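Colleague: Below, each chain spelled out in residue letters.
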Amino acid sequence: MTATEQSATLLATLGGEFYTSAAVFAAEQAEIFENSWICAVRAADLAQPGQFKKVQIGRESVLVVRARDGLLRAFLNVCRHRGAQLCTESEGQVRRTLRCPYHAWTYALDGKLVAAPNIVALTDNTGAAIDRYRYGLVPVALTEWLGYVWVCLADVPPSFEETVVGEVTLRLGDAAAIDRYGVEGLKLGHRIVYDVAANWKLIVENFMECYHCSSIHPELVDVLPEFARGMAAQSFVGHGAEFGSDITGFTVDGSPGFGTLPGLSDEQDRRYFAITVRPSVFVNLVPDHIILHRMYPLAADRTVVECDWLYAPDVVAAGHDVTRSVELFHRVNQQDFEACERTQPAMSSRAYRHGGVLVPAEHHLAEFHQWVVSRLGMSDGCARG
Amino acid sequence: MTATEQSATLLATLGGEFYTSAAVFAAEQAEIFENSWICAVRAADLAQPGQFKKVQIGRESVLVVRARDGLLRAFLNVCRHRGAQLCTESEGQVRRTLRCPYHAWTYALDGKLVAAPNIVALTDNTGAAIDRYRYGLVPVALTEWLGYVWVCLADVPPSFEETVVGEVTLRLGDAAAIDRYGVEGLKLGHRIVYDVAANWKLIVENFMECYHCSSIHPELVDVLPEFARGMAAQSFVGHGAEFGSDITGFTVDGSPGFGTLPGLSDEQDRRYFAITVRPSVFVNLVPDHIILHRMYPLAADRTVVECDWLYAPDVVAAGHDVTRSVELFHRVNQQDFEACERTQPAMSSRAYRHGGVLVPAEHHLAEFHQWVVSRLGMSDGCARG
Amino acid sequence: MTATEQSATLLATLGGEFYTSAAVFAAEQAEIFENSWICAVRAADLAQPGQFKKVQIGRESVLVVRARDGLLRAFLNVCRHRGAQLCTESEGQVRRTLRCPYHAWTYALDGKLVAAPNIVALTDNTGAAIDRYRYGLVPVALTEWLGYVWVCLADVPPSFEETVVGEVTLRLGDAAAIDRYGVEGLKLGHRIVYDVAANWKLIVENFMECYHCSSIHPELVDVLPEFARGMAAQSFVGHGAEFGSDITGFTVDGSPGFGTLPGLSDEQDRRYFAITVRPSVFVNLVPDHIILHRMYPLAADRTVVECDWLYAPDVVAAGHDVTRSVELFHRVNQQDFEACERTQPAMSSRAYRHGGVLVPAEHHLAEFHQWVVSRLGMSDGCARG
Chain A
1 MTATEQSATL LATLGGEFYT SAAVFAAEQA EIFENSWICA VRAADLAQPG
51 QFKKVQIGRE SVLVVRARDG LLRAFLNVCR HRGAQLCTES EGQVRRTLRC
101 PYHAWTYALD GKLVAAPNIV ALTDNTGAAI DRYRYGLVPV ALTEWLGYVW
151 VCLADVPPSF EETVVGEVTL RLGDAAAIDR YGVEGLKLGH RIVYDVAANW
201 KLIVENFMEC YHCSSIHPEL VDVLPEFARG MAAQSFVGHG AEFGSDITGF
251 TVDGSPGFGT LPGLSDEQDR RYFAITVRPS VFVNLVPDHI ILHRMYPLAA
301 DRTVVECDWL YAPDVVAAGH DVTRSVELFH RVNQQDFEAC ERTQPAMSSR
351 AYRHGGVLVP AEHHLAEFHQ WVVSRLGMSD GCARG
Chain B
1 MTATEQSATL LATLGGEFYT SAAVFAAEQA EIFENSWICA VRAADLAQPG
51 QFKKVQIGRE SVLVVRARDG LLRAFLNVCR HRGAQLCTES EGQVRRTLRC
101 PYHAWTYALD GKLVAAPNIV ALTDNTGAAI DRYRYGLVPV ALTEWLGYVW
151 VCLADVPPSF EETVVGEVTL RLGDAAAIDR YGVEGLKLGH RIVYDVAANW
201 KLIVENFMEC YHCSSIHPEL VDVLPEFARG MAAQSFVGHG AEFGSDITGF
251 TVDGSPGFGT LPGLSDEQDR RYFAITVRPS VFVNLVPDHI ILHRMYPLAA
301 DRTVVECDWL YAPDVVAAGH DVTRSVELFH RVNQQDFEAC ERTQPAMSSR
351 AYRHGGVLVP AEHHLAEFHQ WVVSRLGMSD GCARG
Chain C
1 MTATEQSATL LATLGGEFYT SAAVFAAEQA EIFENSWICA VRAADLAQPG
51 QFKKVQIGRE SVLVVRARDG LLRAFLNVCR HRGAQLCTES EGQVRRTLRC
101 PYHAWTYALD GKLVAAPNIV ALTDNTGAAI DRYRYGLVPV ALTEWLGYVW
151 VCLADVPPSF EETVVGEVTL RLGDAAAIDR YGVEGLKLGH RIVYDVAANW
201 KLIVENFMEC YHCSSIHPEL VDVLPEFARG MAAQSFVGHG AEFGSDITGF
251 TVDGSPGFGT LPGLSDEQDR RYFAITVRPS VFVNLVPDHI ILHRMYPLAA
301 DRTVVECDWL YAPDVVAAGH DVTRSVELFH RVNQQDFEAC ERTQPAMSSR
351 AYRHGGVLVP AEHHLAEFHQ WVVSRLGMSD GCARG
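Residue numbers (UniProt numbering), protein chains in the order written: chain A, 1 to 385; chain B, 1 to 385; chain C, 1 to 385.
Possibly wrong hints are sitting among the right ones.
Because identical chains cannot be distinguished in the list, a pair is counted as satisfied if it fits within a single copy or across any two copies.
Each computed DMTMM-like pair below joins lysine to aspartate or glutamate, with the alpha-carbon atoms no more than 25 Å apart [unchecked claim]: (1) Lys112 - Glu144; (2) Lys54 - Glu31; (3) Lys54 - Glu338; (4) Lys54 - Glu17; (5) Lys187 - Glu306; (6) Lys54 - Glu34; (7) Lys187 - Glu34; (8) Lys54 - Asp269.
Hints listed in this document are in silico derivations from the structure and should not be mistaken for laboratory results. Since the structure is predicted, the reported quantities are computational estimates derived from the model, not experimental observations.
Sequences and hints are given; from them, build the entire structure.
Modeller: Listed below in structure tokens is the structure:
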């Protein structure tokens, strides 16, 4: 106790309105999700030319398609003529073109308008030719990394290296560390989609801290005993949580998993690393598989989370049973999302008007809060007001 | 290509916000649907004194009732005392009065307050008599045409002749053309109600153009081969689309319909005429029947459409099978409404912020867009901004 | 008729917007329901230490709990750490503490923070001790009366005596009248929860007047014949409606009830008294039981009503059949709530923009309207504007 007799003050979180306001959510969609690189599709899901997937990015429906030249491209899912959605199914395959079923405007897989019925040579009524790219599909910036297609709706996308790759490097402490897992060469072993009645930031905050691990994750704490102390792997640069001495694999019962991925260093074996790639990706690294979460916020109080379990190609090819490793993180997911759903309703309470508090083991969450506030162009005082 | 090397520009549609904004929809309800003549009820549905129907006009629940004197009248469906809805059922029949079930205030079928329990001689507590019309049901303007009851919520309704009749005359090019069908004397053969997840203006635009006919209406194009060229009958004054040479009736398979309606001119036989009566009625004329659509917009993205198939009285009286003619336009309706529902979600995309484009075959839609904009009291620049 | 030949004018109600506007509803939650004493829980429902109930008060989830010292306390249902709801079940029992399941922050039943994992001696990261009440549960003011727990979310609650007790005394005309029923000692015989699609004020207005009794309450009018004249017991101070001469009990068929409660005066026997305790409680007194309604407004057009039937302890202990007395007011409730639900949709009509009218038998409702307007800080002109 100090001489002035003041009692200690804990660090504050964001105020409750950040988790409930439709206006804040709309600003987040515009300033964060439509302005950042977003992990959209596993590239291997679009192996063949003409294959496409429809993904919700911010408030936009985006088509990711593999063109005839083998390259992936992304477009807004809107016909330039009268605005019909080109694709209403979540995925599919076409031969050479995307054809709007309403008036048959037809686009090449690079977006160019190649046909429109009854417009002779695509001229307007003065006879002048129309620009087939100007009236082509609206393109969306796209890159590939870790075997995923990342897209960005911004007119001028931020640097992928500095944002996405930079966050992974900053967490692992070493630019080469992620490469050793060879994530782009892994195969999908299992995928589960969760529909969570909670704000996306509650899911991020939950993923970033481990103060709750001893309360709600008994299976995970059995595998990673240090998590019982409440310090998240993400509190430290380059730290991976070590498996318990009697644990033989990252599975629901600690039983053996599969062979260690070939490129890993000794410091990466028998360790669990967790990385938050803001705004919406979580990467979980263990010696024999990777778990990757993608979040799609649909409303201030609703977020869809797609979770992939990736394994070495031979594990998937041989049809090995991945149930026990899937089950471990599936339970963690369920436990986490239930906690987030229990928290969401209290965000509108007067008790949370100025937010809650962070204990020392959660102090790294404050940086996430500051990042959100700065992305929304708010001052810190306003955000916590 | 001109000397300045500019490429051609297509005519723009309304911007996407016109189809999604709750504020625009509220303005449309106030300025368009509550300020125009709206086709409410087939008069023959209210044949007997005391019969009533409840209809949604703009944001108001309206009762249309046939009074003891045989005349039709319309009122707001609200008791003047404490506001209970007089009728909650969609239709019914009373003897001499409409009686509010809450406190038993009772109104004659001309709207006059005729009884209120325990108010001696309908005086207030000073003993002064109350005005039985002032506290009677709120009347709504009403007229009859084509066998339908049209109502208008405006304090000063526009001229029915200049608006409703005027639009029909303008399209057919001849004030007497519609009269020759004798629509008011026809009988209802079939009615289907559709609940469409799309803005009402998308439904109007779809009805007005035929550029989509070859894409989505195979049965209709079989009957009306010129529709394959994409020019709507509505692009021309007085033009009816001609039946194909091997077509014997306006039916789903081109098989014979019923006898040509007695008053038709030769120019009206073997022809399909389509008329849009803004804001919410479509009239389809063929030699042996009439198809009339009424739209009731419930939200920016939801519209109920009621479609009547009308035949000569002897066709209905004899119980002739109308299935094949009903099936043709029922399929057209389903095809059209599915296209509108596919379009609605894209209206909120940034790709449609400034609207889409009109091809020459759709240029007459621009006049509809200008009408909407002017009715909302917006400038054109604002509307397309 | 006066010399100026004006016809009589009836007193106006509140305008329709008061019953439909989300903004008005939010203001009512803040200024009325979160600023008044609200009847929350029957105290006997929390007989044992550790028993708790979760109640919605205004926009807040409130926990009412009986502590180890036998006293009742109320708290916001929000963990002070990261905002999870402490209890998601509607009721339950704990041993000595309320423990948040997310991070295991643990509170004594007086709200004090007694444990938080991994925070040594509850210090912050400077080593300073944190204030265990500052970070304890947020307390809510609480008192007991009539055997119920009443809570108030206001920082400075109004006088319970002047508001709640004052309203009962004002209605009964005598401070001792309510005491003679010994309501706090009665036992719960039956409870029904109604979910009503209507604004809470429509339910209050309906309860306050009896002009509708002859229209919709045949069973009640059989028991209380004077109600056929439309004057509510609440129109007069100290007036109880007298049972009909052939009525032997306050039951659905007038058959005998139970013994008269021991303390009643002769003036209270064979009488029905009704009291509105604003904003949300109705008390109904008859010689052998009490019916108490509590309203919980959830939206401008939705209100949950919980209705308790209370009897002398020996009636409940002996397991006497209370069906016939429950059935009488259950029918009245159903009839009333159906009338309110029929009224709610018309509140948004232009016909009710400036409200409806009050007949002389309803003039006491105007005082309720003025109370609402003054609580919302509006001028009367504004309210009726």
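Colleague: All hints are to be evaluated individually against the structure, with a verdict given for each.
Modeller: Status of each hint after checking the structure:
Proximity of Lys112 and Glu144 under a CA criterion of 25 Å is satisfied intra-copy only: 22 Å inside one chain copy versus 52 Å between copies. Taking the closest pair of Cα atoms, Lys54 and Glu31 come within 25 Å of each other only inside a single copy of the chain (22 Å); across copies the shortest separation is 38 Å, beyond that limit. Proximity of Lys54 to Glu338 under the C-alpha cut-off of 25 Å is restricted to the inter-copy arrangement: shortest distance 19 Å between copies versus 28 Å within a copy. Taking identical chains as interchangeable, the C-alpha atoms of Lys54 and Glu17 lie at most 25 Å apart only when they sit on different chains, with a minimum of 23 Å there against 31 Å within one chain.
For the identical chains of this complex, Lys187 and Glu306 are intra-copy neighbours only, at 16 Å inside a copy versus 52 Å across copies, given an alpha-carbon limit of 25 Å. Taking the shortest alpha-carbon separations for Lys54 and Glu34, only the intra-copy value of 16 Å comes in at or below 25 Å, while the best inter-copy value is 40 Å. With identical chains, the CA atoms of Lys187 and Glu34 are never at most 25 Å apart, being 29 Å at best within one copy and 56 Å at best between copies. For a Cα distance limit of 25 Å, the shortest separation of Lys54 from Asp269 qualifies neither inside one copy, at 37 Å, nor across copies, at 48 Å.
Checked against the numbered hints above, the structure violates hints 7, 8; every other hint is satisfied.
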